[in-house]
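Asks: Going line by line, the protein sequences match chains A and B. Counting from 38, one number per residue, gives the positions in the first sequence under the numbering used here. Counting from 38, one number per residue, gives the positions in the second sequence under the numbering used here.
I should point out that these hints are in silico values taken from the structure, not numbers from a laboratory. You may find that some hints are simply not true.
What the hints assert, rightly or not - In silico negatives: residues of chain B with every beta carbon more than 10 angstroms from chain A: (1) Glu51; (2) Gln139; (3) Ile177.
To be verified - Some, not all, of what chain B presents toward chain A, calculated at C-beta under 10 angstroms: (4) Leu45; (5) Val88; (6) Lys89; (7) Arg90; (8) Arg91.
Note that beta-carbon positions come from the ideal geometry of N, C-alpha and C, so glycine has one too.
2 protein chains.
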Amino acid sequence: MIYTSQALESLIGELSKLPGIGRKTAQRLALHILKSGNEDADRLASAIVDVKRRITYCSICLNITENDPCSICADQSRDHTSICVVEDPSDVMALEKTNEFQGVYHVLGGALNPLEGITPDQLRVKELLNRLGGGVKEVILAMNPDVEGEATTIYLGNLLRPLGIKVTRIARGVPVGGDLEFADEATLVRALEGRIVV
Amino acid sequence: MIYTSQALESLIGELSKLPGIGRKTAQRLALHILKSGNEDADRLASAIVDVKRRITYCSICLNITENDPCSICADQSRDHTSICVVEDPSDVMALEKTNEFQGVYHVLGGALNPLEGITPDQLRVKELLNRLGGGVKEVILAMNPDVEGEATTIYLGNLLRPLGIKVTRIARGVPVGGDLEFADEATLVRALEGRIVV
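Excised from the complex, chain A in its bound form (with noise of 0.2 angstroms):
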């Protein structure tokens, strides 16, 4: 028996399975939760349970919310006509954070993947299709800029283009705050082919 104890190893256990967290990891974790007062303790572990019990799907965009539909989606100042489709949940926080994009989301809920069995079917293509009836102009594509993503790119634009709906994707090119020398061959590539008059 190495620990002492049956609920710190069980609790490593737990931590361990969350993503990006090692054994070490989680046993650093596992014990500043065992030093840190009971009230910090209880206030994560019922925010765990909670963020379960209490958070769905948006009937409309399919983000994640508390309420149905989402408070993007419910909010008529923003602009229903201008879609811009993303991957997961934490791509709409990021984009939300910029305080840039007035529109409305849409949650794919992934990137195509052939080899993993990520097809069309799997992902919410045909929820999007069915709200393009209601005066969309725009639909935005902001996938992550790696294979599935791009595959995802050239997928829905060959769907949405005979629409007649504007379909346009996030520029690519060198990132605010990087350094050229540092930038990979594909990136400037679609730094350059993307250049803008200034």
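Once you've looked at the hints, dock chain B against the given chain A.
Replies: Below, chain B alone, put in the same frame as chain A:
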């Protein structure tokens, strides 16, 4: 309002309080918990509550334990005349994994750090002295190899030596699997000083 869920926001907040977990990691973890099954989330939440409720400190070695005395102190097959002094419970875990040490432990609860107000009174030094009556033959000092650990080792060495008990400290040197080329000078000096006949 950036996020569409107060429950998610509050879980992210609680997770960010953990050591080494920044806001982005907390968000990733929170979304993972949201995606995972209800049982997984419940198990994690109850493991957190359990660890606080069930774990206490061993009245002998001051290590964390569910039963007092802890399973190490209660184990009569271990050598109770040899006490290994460590800073934290995680150090006991690390040493126990080696299966090398068959004695018992004493957890100081930190290391001397006058700048942060950690004096011998804040550590379990008195509790250590109280244990030395019963035929203890050797005290092994296994502090962390940093400035605070070094200060604690010197302090405890000076304190215990006059009591006629053998006081040793664990070896410092090049770590196994490491590369001499990348070892820092202080480590190499200790490795040379601590050389043994082969």
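Asks: All hints, please: hold or fail.
Replies: Status of the hints after comparison with the structure:
Against the 10 angstroms criterion, Glu51 of chain B falls within the reach of chain A, whose nearest CB is about 4 angstroms from its own CB. At roughly 14 angstroms, the least C-beta separation between Gln139 of chain B and chain A is larger than 10 angstroms, which holds for a residue marked as non-interface. Ile177 of chain B, annotated as away from the interface, keeps every beta carbon of chain A farther than 10 angstroms; the closest lies near 19 angstroms. A distance limit of 10 angstroms between C-beta atoms decides the matter here; for Leu45 of chain B the minimum to chain A is near 6 angstroms, and the interface restraint holds.
Because the beta carbon of Val88 of chain B sits about 5 angstroms from the nearest beta carbon in chain A, less than 10 angstroms, this interface hint is met. This hint holds: Lys89 of chain B has a C-beta 5 angstroms from the nearest C-beta of chain A, less than the 10 angstroms allowed. Because the closest C-beta pair between Arg90 of chain B and chain A is about 8 angstroms apart, less than 10 angstroms, the hint holds. Checking Arg91 of chain B against chain A: minimum C-beta separation of about 4 angstroms stays under 10 angstroms; hint holds.
This entry does not satisfy hint 1, going by the numbered hints stated previously; all others are met.
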